[in-house]
Amino acid sequence: MTNEEIKEYITTLAPAATYDETGEWLNILVTAEELQPLMLALRNGKMQMNYLFCLTCVDFKTHLTMVYHLSATTHRQSIVIKANLNREQPVIETVCDIWRTAEFLEREVFEMFGVHFTNHPDLRKLILEDDFKGYPLRKDFEDPINMIKL
Amino acid sequence: MYNQTEIIKDTSELGADGELVINMGPQHPATHGVLHLVVTLNGETIKKIEPHLGYIHRSIEKMCESLTYRQFIYVTSRMDYLSSHINNLGCALLVEKGMQIEVPDRAKYVRVILSELTRIASHELWLGAMAMDLGAFTPFFYAFREREMITDIMEDTCGARLTMNYIVPGGLMYDLHPDFQKKVKAFITQFKSKVTEYEDLVTNNVIFQSRTKGVGILSAEDAISYGCTGPVARASGVSCDIRKIYPYEVYDKVQFDEVLETAGDSFARYMVRVKEMNQSIRIIEQLIDNIPEGDFVGKTKNVLKLPKGEFYTRVETARGEFGVYVVSEGGTTPHRIKFRSPGFSNLSVLNHISVGSKIGDLMASMGTLDLVIPDIDR
Numbered sequence: 000m001t002n003e004e005i006k007e008y009i010t011t012l013a014p015a016a017t018y019d020e021t022g023e024w025l026n027i028l029v030t031a032e033e034l035q036p037l038m039l040a041l042r043n044g045k046m047q048m049n050y051l052f053c054l055t056c057v058d059f060k061t062h063l064t065m066v067y068h069l070s071a072t073t074h075r076q077s078i079v080i081k082a083n084l085n086r087e088q089p090v091i092e093t094v095c096d097i098w099r100t101a102e103f104l105e106r107e108v109f110e111m112f113g114v115h116f117t118n119h120p121d122l123r124k125l126i127l128e129d130d131f132k133g134y135p136l137r138k139d140f141e142d143p144i145n146m147i148k149l
Numbered sequence: 000m001y002n003q004t005e006i007i008k009d010t011s012e013l014g015a016d017g018e019l020v021i022n023m024g025p026q027h028p029a030t031h032g033v034l035h036l037v038v039t040l041n042g043e044t045i046k047k048i049e050p051h052l053g054y055i056h057r058s059i060e061k062m063c064e065s066l067t068y069r070q071f072i073y074v075t076s077r078m079d080y081l082s083s084h085i086n087n088l089g090c091a092l093l094v095e096k097g098m099q100i101e102v103p104d105r106a107k108y109v110r111v112i113l114s115e116l117t118r119i120a121s122h123e124l125w126l127g128a129m130a131m132d133l134g135a136f137t138p139f140f141y142a143f144r145e146r147e148m149i150t151d152i153m154e155d156t157c158g159a160r161l162t163m164n165y166i167v168p169g170g171l172m173y174d175l176h177p178d179f180q181k182k183v184k185a186f187i188t189q190f191k192s193k194v195t196e197y198e199d200l201v202t203n204n205v206i207f208q209s210r211t212k213g214v215g216i217l218s219a220e221d222a223i224s225y226g227c228t229g230p231v232a233r234a235s236g237v238s239c240d241i242r243k244i245y246p247y248e249v250y251d252k253v254q255f256d257e258v259l260e261t262a263g264d265s266f267a268r269y270m271v272r273v274k275e276m277n278q279s280i281r282i283i284e285q286l287i288d289n290i291p292e293g294d295f296v297g298k299t300k301n302v303l304k305l306p307k308g309e310f311y312t313r314v315e316t317a318r319g320e321f322g323v324y325v326v327s328e329g330g331t332t333p334h335r336i337k338f339r340s341p342g343f344s345n346l347s348v349l350n351h352i353s354v355g356s357k358i359g360d361l362m363a364s365m366g367t368l369d370l371v372i373p374d375i376d377r
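Just so you know, the protein sequences line up as chains D and P, in that order.
Using numbering that gives the first Met the number 0, the final residue of the first sequence is 149, and nothing's skipped along the way.
Using numbering that gives the first Met the number 0, the final residue of the second sequence is 377, and nothing's skipped along the way.
Hints listed in this document are in silico derivations from the structure and should not be mistaken for laboratory results.
It cannot be assumed that every hint is accurate.
Claimed, not checked - Far from chain P, by Cβ distances over 12 Å, these chain D residues were calculated:
id, residue
1, M0
2, A13
3, A15
4, E33
5, K45
6, V57
7, E92
8, A101
9, L104
10, K124
11, P143
As the list claims (entries may be wrong) - Simulated pairs of lysine-lysine, DSSO-like, Cα-Cα distance not exceeding 30 Å:
id, chain 1, residue 1, chain 2, residue 2
12, P, K212, P, K243
13, P, K307, D, K81
14, D, K81, P, K61
15, P, K96, D, K138
All values reported here derive from a predicted model rather than from experimental measurement.
Yeah, the Cβ is synthetic: ideal placement off N, Cα and C, and Gly gets one too.
Taking the hints into account, I'd like the entire structure generated from these sequences.
Listed below in structure tokens is the structure:
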């Protein structure tokens, strides 16, 4: 599918989506509410995006952005889905019922950025200690003891 | 990290009779590093496995945010320390892609040869350690005999035997050691004459076969859903070799086969890795006599600045797809960097493939996943 066809297809699923084609792949920015139904349609619909190869979050200081890199083992086309989240109370629906790999990746984002994934079966810290305070990959995280400023 | 009271609380919640919770690791010999598995057993049957990570979490992603594009490459050798050259290559490719740096042909050839040597060394170590997990001590020495030759070559080339750093943005750090070609050819001869010994010693061993065949079966669908890559996914019949799908450097110029198995069990994962070593030898043979003369590093600026935007590259390490995702604001350091490590996704499948099997089989399933803990914790 060309980018134009993908855009047309996604507009029918998520009318509010905006697109960015400057990078290597087509970037699609949706709202947090639209994300889960769109992902389900991308996985099971005609695009068959069965491979979530990267899931992460980026702190842009004013807001957080969830970034999902999707691909398919059949046609090998990659697209990037993004959703902006409020920095104070970041909440988004989980995708781990669509791709099983998201379970661990979302746990990592949860502890590193403090994003809360609703309906996640087991949202606990994965890498950090249970009593760790703060979200280390956020830009305003301070740790005067262990962090060395260069 | 996981205190004792919680473990007891967990079991009482499960409530079934005869359930036993075992802490495997963090110092268990078969976990090869500090991986902590909380295994819930019913008799000898595994009911649940919960990995507890982070014993060697060094916050590499946060660290890289304050390192320049020349510096952050060195940190990646410390993640998957058995594929350090390939990790470095992934990062170098990202910087080259972002800044459109031309890499001389000589560097491209050497990079591929080093990647394949690294892959063989990694699979050799895995073979020895995995056989040792299953109780066979001798293969360890056989595998390390060949691996030793590779580490010697690496020592000549870049001065280190482990956590090597040689690949930099634009090419290589310095030119090849004069003995490089001679030593690599000697290694190929030695490897070819000895590789049949692994077949006799391990592959055709009845005990080994009965301990791995039908153990830890992973279906192709689950492999994709769990994001498994590398030999783990290829043993389930999923074609996922980055070298074939998105060829980088000179992989499109060499002949090699993507090794695929369909059984999806531990034995298939073993077979994929053994066959992959032969394919790596095939790639090296095609390149070693044809390394072009010329520069080993392209022209780069002293201070590297990636343009504003997002970049992603992927390479095939010994464990699978290694991805580097960088968000750049146009400065000398990345705004955000994410390493998509193959081990992390491969580990997440461990619970799925082990539930219902016996605790003794866990060694085989875990061993053939080829987990490298620093790669998972980062």
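Do the hints match the structure? See the list:
1. M0: holds, 18 Å
2. A13: holds, 21 Å
3. A15: Non-interface label on A15(D) holds, nearest chain P Cβ at 21 Å vs cutoff 12 Å.
4. E33: holds, 21 Å
5. K45: Consistent with the label, K45(D) stays out of reach of chain P, its closest Cβ about 18 Å off (over 12 Å).
6. V57: violated, 5 Å
7. E92: holds, 18 Å
8. A101: violated, 8 Å
9. L104: violated, 8 Å
10. K124: violated, 8 Å
11. P143: holds, 15 Å
12. K212(P) with K243(P): Holds - the C-alpha atoms of K243(P) and K212(P) are around 28 Å apart, at most 30 Å.
13. K307(P) with K81(D): holds, 17 Å
14. K81(D) with K61(P): Since the Cα atoms of K81(D) and K61(P) sit roughly 21 Å apart, the hinted pair holds (cutoff 30 Å).
15. K96(P) with K138(D): With a Cα-Cα distance of about 26 Å, the restraint between K96(P) and K138(D) holds, given a limit of 30 Å.
Figure legend: structure checked against the earlier numbered hints; hints not met, in rising order: 6, 8, 9, 10.
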